[in-house]
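S.K.: Construct all of the structure, not just a fragment, from the sequences and the given hints.
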Amino acid sequence: MLDLRQYNSLGEALRAALERWPDEICLIEADRDRENARFTYRQFKEQALPLASALQSAGLQDGTRAAIIMTNQSKWLVSAYAIFFCGGVLVPLDYKLSAAEQLQLLAHSRADFLVIEYHLWRAVTQAEQFHNLKARTVLVTEAPASADLAGAHRWEDFRAAAEPTFIPRKRDDPACIVYSSGTGGRPKGCVLSHENYLEQCVALTSLYAFWPGVRYLSILPTNHAIDFMVGFIGPFTCGATVVHLRTLRPEFIREAFTKYKITYMALVPMVLKNLERGLRQRFADLPPRKRKLLNALIATNRALTRRRPHLKISRALLPQVHNAFGGELRALFVGGAFTEPETLQFFYDLGIPVGNGYGCTEAGTVITVNDLKRFRGDTVGKPLPGMEVKITNPGAEGIGEVTVRSRTLMSHYLDDPEMTAETIVDGWLLTGDLGRLDSSGHLQLFGRKKNMIVTEEGKNIYPEDVETYFAGLPAKEFCVFAANYLWPARTMVGEQLILVLHPETGQEITKELAAEVAERNRRLLNYKRISGYLAWDRDFPLTASLKIKRAELAEQIRQNRDRCTVVPL
Amino acid sequence: MNTIDKTTDEVLRLAAEHFKVQRDQLSPDDDFFKKLGINSLQALDLLTRIEQHFQIELPDYELQGVSDFRTLAQRIQSRL
Numbered sequence: 001m002l003d004l005r006q007y008n009s010l011g012e013a014l015r016a017a018l019e020r021w022p023d024e025i026c027l028i029e030a031d032r033d034r035e036n037a038r039f040t041y042r043q044f045k046e047q048a049l050p051l052a053s054a055l056q057s058a059g060l061q062d063g064t065r066a067a068i069i070m071t072n073q074s075k076w077l078v079s080a081y082a083i084f085f086c087g088g089v090l091v092p093l094d095y096k097l098s099a100a101e102q103l104q105l106l107a108h109s110r111a112d113f114l115v116i117e118y119h120l121w122r123a124v125t126q127a128e129q130f131h132n133l134k135a136r137t138v139l140v141t142e143a144p145a146s147a148d149l150a151g152a153h154r155w156e157d158f159r160a161a162a163e164p165t166f167i168p169r170k171r172d173d174p175a176c177i178v179y180s181s182g183t184g185g186r187p188k189g190c191v192l193s194h195e196n197y198l199e200q201c202v203a204l205t206s207l208y209a210f211w212p213g214v215r216y217l218s219i220l221p222t223n224h225a226i227d228f229m230v231g232f233i234g235p236f237t238c239g240a241t242v243v244h245l246r247t248l249r250p251e252f253i254r255e256a257f258t259k260y261k262i263t264y265m266a267l268v269p270m271v272l273k274n275l276e277r278g279l280r281q282r283f284a285d286l287p288p289r290k291r292k293l294l295n296a297l298i299a300t301n302r303a304l305t306r307r308r309p310h311l312k313i314s315r316a317l318l319p320q321v322h323n324a325f326g327g328e329l330r331a332l333f334v335g336g337a338f339t340e341p342e343t344l345q346f347f348y349d350l351g352i353p354v355g356n357g358y359g360c361t362e363a364g365t366v367i368t369v370n371d372l373k374r375f376r377g378d379t380v381g382k383p384l385p386g387m388e389v390k391i392t393n394p395g396a397e398g399i400g401e402v403t404v405r406s407r408t409l410m411s412h413y414l415d416d417p418e419m420t421a422e423t424i425v426d427g428w429l430l431t432g433d434l435g436r437l438d439s440s441g442h443l444q445l446f447g448r449k450k451n452m453i454v455t456e457e458g459k460n461i462y463p464e465d466v467e468t469y470f471a472g473l474p475a476k477e478f479c480v481f482a483a484n485y486l487w488p489a490r491t492m493v494g495e496q497l498i499l500v501l502h503p504e505t506g507q508e509i510t511k512e513l514a515a516e517v518a519e520r521n522r523r524l525l526n527y528k529r530i531s532g533y534l535a536w537d538r539d540f541p542l543t544a545s546l547k548i549k550r551a552e553l554a555e556q557i558r559q560n561r562d563r564c565t566v567v568p569l
Numbered sequence: 001m002n003t004i005d006k007t008t009d010e011v012l013r014l015a016a017e018h019f020k021v022q023r024d025q026l027s028p029d030d031d032f033f034k035k036l037g038i039n040s041l042q043a044l045d046l047l048t049r050i051e052q053h054f055q056i057e058l059p060d061y062e063l064q065g066v067s068d069f070r071t072l073a074q075r076i077q078s079r080l
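Those protein sequence lines, which keep their order, are chains A and B. Okay, so the first sequence: first residue is 1 according to the working numbering, each after it adds one. Okay, so the second sequence: first residue is 1 according to the working numbering, each after it adds one.
These aren't lab readings, by the way, just hints derived from the structure by calculation. By construction, the Cβ of each residue, glycine as well, lies at the ideal position given by its N, Cα and C atoms. Heads up, some of the hints might be wrong.
[Unchecked claim] Per the computed footprint, the stretches of chain A lying under chain B, defined by three or more beta-carbons under 8 Å from a beta-carbon of chain B, are: (1) 57-67; (2) 257-266.
[Claimed, not checked] Computed spacing ranges between beta-carbons, pair by pair: (3) ILE56(B) with ARG306(A): 48 to 56 Å; (4) ARG522(A) with ILE56(B): 39 to 47 Å; (5) GLU62(B) with ALA324(A): 24 to 32 Å; (6) ALA514(A) with ARG79(B): 32 to 40 Å; (7) ARG79(B) with LYS292(A): 42 to 50 Å; (8) GLN22(B) with GLY472(A): 36 to 44 Å; (9) GLU552(A) with ILE56(B): 53 to 61 Å; (10) THR48(B) with ALA514(A): 31 to 39 Å; (11) ILE56(B) with LYS312(A): 41 to 49 Å; (12) GLU418(A) with ARG79(B): 46 to 54 Å; (13) ALA324(A) with ARG79(B): 39 to 47 Å; (14) GLN22(B) with ALA514(A): 36 to 44 Å.
M.R.: Laid out in structure tokens, this is it:
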């Protein structure tokens, strides 16, 4: 791989990679069983530089913010490189947010440029808040020939022949503004520097190496911090290949494994669980004698790989399983949310190690990962090289808040010094997660200290954001909480949000009000929904500026209500 | 029955078959995630079944923000 310590920015490192491996394949875009694009590093450069030239002509310069809203596909990476080449600051936004949410984040980030897929652009132009869009140049990909682009440019035609000028950036200049969550109340735009990414990349690839010939299957959206690192920066700076698959359908994921002989893939727990379910079903369908033989082979593999993975042995013992994954799979990466140890052990016993990790955007993606030097399914692994992890205020069992210090930590939240000061104290990031470091240095997680949930798809949901969808509810006041914040639980799975509802004085929660809550909840994206409501009969404690004192209210609820008083929706 | 009603009816029938529930337990405005107790990947499975039936191709994003059968049927209808 490139020696990333020699480079000052992502643009500079990527530029060097394109020169270093001109004839290696860097990117394949597959859609179902079709292949839409296949680029060598040289061809990738030929795609990106005319775009960079046109962006420069349109005024994109060092420090200009440029947002991308796209599903995972080749144009995402081509556009991102062109932006970095021009010295721009990338704002990768989640394409799964609603158009209104995307517009809010575009406004918050003050992005001057926007690259967006046609179907998403159509939704944005139809949103009520569209008139608030301030981006002066919008590029739309894959628009039909006859489409009205509402003043935007066609990405495919937005090219200039002049040689673009590479704009160098310093290590501590911002590279990306990544929204870890938040659209309604308080967007959390993590400002991550070039150094944050370069250091993270060095640390990760020291544990899980990439090289020319490695093929990484990308199914997570590239705006996702994990995929941005292990599905773009990591492989590209090592001369490896990224295979984008534009669908999450299990049948096409299976096909991609074998068709492209995949080496690595990152996924969220939900997809891993789905793979496990499929395999378990296939094993259960085997005739009894074959099933017995398979179980014996799995037990042998488990015994032989107890200390560390032995890919050759596992592939020889369980060829059918490994061939179903293409025969060259070295590891899966899972993160973004909590994964059950049984699932991780299931794959490890088959000879498919899962690099189970833990991290957050504020820390520059990954904080800990299983280094497989003795696989542990019951932890989220050890701190990455260069990552200091300590447990603050540990209780009798050693459980306390996970705090982190590293060169990969974000510099600040965009335009929010107050929240930055609450989150990074004396150079240490307070993650809000509760954990314990065991004697071998592995981190175990036990729950959350902060008022938020993480879905099994890896989405962070903050109650304050969900509250905005209940604005105007005919009640005196209301507040959304993570149930585990109100009633602490030692778990990081099955987390739920609840609505605390205080009806008008002297009234109870009527059928109409309950129906209104249910109706509004139904309009939310499914992963943002509340699971129930709690009737509350006292005024909420408020600050002088009439904001709810959440911690105080939570304490009152904790003392007066049990979890079983929540009315399910 | 007009075309969209017919499509909705077909979608309900396919969902009932695929997830092994009684057809009459499902109605057009049901939230399929909640009613069927499924996650987004399982919903994609249903999309595959629907594609085979209607002989169309529905990109994954067509399911984005959709959680009831009626809206899903409208998305299908626009591609028939």
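S.K.: Now tell me, hint by hint, if it's right for this structure.
M.R.: The hints, checked one at a time:
no. : hint                                : result
1   : 57-67                               : violated (count 0)
2   : 257-266                             : violated (count 0)
3   : ILE56(B) with ARG306(A): 48 to 56 Å : 50 Å, holds
4   : ARG522(A) with ILE56(B): 39 to 47 Å : 27 Å, violated
5   : GLU62(B) with ALA324(A): 24 to 32 Å : 29 Å, holds
6   : ALA514(A) with ARG79(B): 32 to 40 Å : 37 Å, holds
7   : ARG79(B) with LYS292(A): 42 to 50 Å : 48 Å, holds
8   : GLN22(B) with GLY472(A): 36 to 44 Å : 38 Å, holds
9   : GLU552(A) with ILE56(B): 53 to 61 Å : 54 Å, holds
10  : THR48(B) with ALA514(A): 31 to 39 Å : 36 Å, holds
11  : ILE56(B) with LYS312(A): 41 to 49 Å : 45 Å, holds
12  : GLU418(A) with ARG79(B): 46 to 54 Å : 48 Å, holds
13  : ALA324(A) with ARG79(B): 39 to 47 Å : 32 Å, violated
14  : GLN22(B) with ALA514(A): 36 to 44 Å : 27 Å, violated
Taken one by one, the earlier hints fail for this structure at numbers 1, 2, 4, 13 and 14, listed in ascending order.
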